[in-house]
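Trainee: Each chain, letter by letter, is given below.
Number of protein chains: 2
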Amino acid sequence: MEKKREENDIAAKIDHTLLKPETTSQQITQLCEQAIEYQFVAVCIPPYFVRNAFALLEDEKVKIASVIGFPLGYSSSFIKVEEAKRAMEDGAHELDVVMNLCAFFSGNEKEVLKEIQSITQLAHLRNKIVKLIIETSLFSESDLKRACSLAVKAEVDFVKNGSGFIGRGATVEAIAQLRDLLPKKIKIKASGGIKTKNEVLDLIVAGADRIGTSAAIQIIEKVEA
Amino acid sequence: MEKKREENDIAAKIDHTLLKPETTSQQITQLCEQAIEYQFVAVCIPPYFVRNAFALLEDEKVKIASVIGFPLGYSSSFIKVEEAKRAMEDGAHELDVVMNLCAFFSGNEKEVLKEIQSITQLAHLRNKIVKLIIETSLFSESDLKRACSLAVKAEVDFVKNGSGFIGRGATVEAIAQLRDLLPKKIKIKASGGIKTKNEVLDLIVAGADRIGTSAAIQIIEKVEA
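Listed in order, the protein sequences are those of chains A and B.
If you read the first sequence in our numbering, its first letter stands for residue 1, the second for the next number, and so on.
If you read the second sequence in our numbering, its first letter stands for residue 1, the second for the next number, and so on.
If you're looking for bench data, these hints aren't it; they were derived computationally from the structure.
Mixed in with the good hints, there may be bad ones.
Pairs count within a copy or across copies, as identical chains cannot be separated in the list.
[To be verified] Each computed DSSO-like pair below joins lysine-lysine, with the alpha-carbon atoms no more than 30 Å apart:
{"id": "1", "residue 1": "K184", "residue 2": "K3"}
{"id": "2", "residue 1": "K85", "residue 2": "K63"}
{"id": "3", "residue 1": "K110", "residue 2": "K185"}
{"id": "4", "residue 1": "K110", "residue 2": "K197"}
{"id": "5", "residue 1": "K187", "residue 2": "K114"}
{"id": "6", "residue 1": "K63", "residue 2": "K222"}
{"id": "7", "residue 1": "K85", "residue 2": "K197"}
These figures come from a predicted structure and were not determined experimentally.
Taking the hints into account, I'd like the entire structure generated from these sequences.
Mentor: What follows is the structure, encoded as structure tokens:
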């Protein structure tokens, strides 16, 4: 019973994720079926598959998260806004949006803020959720403070430590640092290289409200690699 | 004299590239200045910076290449078409477009073709160039044949072996295989991990018409890492 409860608690925090460029529709179907079976909070998938997933998950509790400007963040604001709209029209409940690091590191923070605000306002009007992806491994402490301050101003729902495609993955230190810098109303998603139940538990203790991983089944089943 | 001619010949094939997510406008300015100085055929840069680059290169021979659906290729067709239009409006002469591998490996080749055709037609109407990025390291020989056949049907200008963000980089074998599978009118761009002049020369011999590299200066200056 205790084990079952722990599994449910963990599953309720997991974005069951498949974002490889060669993902197939068959794999997305399997991902959605697993998400229903294990009651993961969401699937996190490429924009291309959101419609397929919506057809499979329409009557289920499992949410659909899609990615915007992913994983490099440097599409133009116009394109990222259109991509967000399209994902929501296709059925996405949650948008994992990569911050424009080019603009950020070029000193154009106003532009970064405007982009995040535009997408977040569009999402909130539709009762959808925005997770802002930064890349903590590329940030100095002062960069991280400024990025968190933009997240607060834009009123995003989550800050996510990385895309999983750049630099190192989620670390306990990075998540604890985000938890320390952000107000409670902003949740934290840990993502990148998370493969074991112990890592998940450590990241949750450090402050993660959501775990993005493509190893969710092995984490729940405790078949540790 | 001989050395100078060789340098010019190489420079005329190089896309001087900076596609890191944390690229700054200062770095783009430097990249453009170097491209003018060394007469590289093009700069290859994030969509976010195309307007900046256009302002710097408007009166120069150096072309601007931007990336579309980069590097994972799984944005929706609608978004990739809009991104292509926007890049051309901003001043891009060349579009490095990632093929939708999700659609391809899901067996939706018609959809892949339609997307590439749409973008290529839009580009050709404006006298712009399309480089179709596949990921040769993810492809079996039969996959590669099918992908090349789509490139031919869509009448793209170049096929490019990879984005540089996925799998292994450009190899002599991959470029030779592409050259073997594609008709002469379709050119080949080699990209990913190219760091030395010898690598460049080998790839050109194997069939590369264009070299995408972020190590162009050290290649020309022969300061080999």
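Trainee: Confirm or reject each hint.
Mentor: Results of checking the hints against the structure:
When the C-alpha separation of K184 and K3 is checked against a cutoff of 30 Å, the pair qualifies only within one copy, where the shortest distance is 29 Å, while the shortest distance between copies is 63 Å. Only within a single protomer do K85 and K63 lie at most 30 Å apart by alpha-carbon distance; the minimum there is 17 Å, versus 32 Å between protomers. In this homomeric assembly, K110 and K185 come within 30 Å of each other (Cα to Cα) only inside a single copy, at 23 Å, whereas the closest approach across copies is 45 Å. Within a single copy, K110 and K197 get their C-alpha atoms no closer than 39 Å, and across copies no closer than 41 Å, so neither meets the 30 Å cut-off.
Proximity of K187 to K114 under the C-alpha cut-off of 30 Å is restricted to the intra-copy arrangement: shortest distance 21 Å within a copy versus 40 Å between copies. For the identical chains of this complex, K63 and K222 are intra-copy neighbours only, at 24 Å inside a copy versus 53 Å across copies, given an alpha-carbon limit of 30 Å. Taking CA atoms no more than 30 Å apart as the test, K85 paired with K197 passes in neither setting, with 35 Å inside one copy and 45 Å between copies.
Hints 4, 7, counting from the list given before, are not met by this structure.
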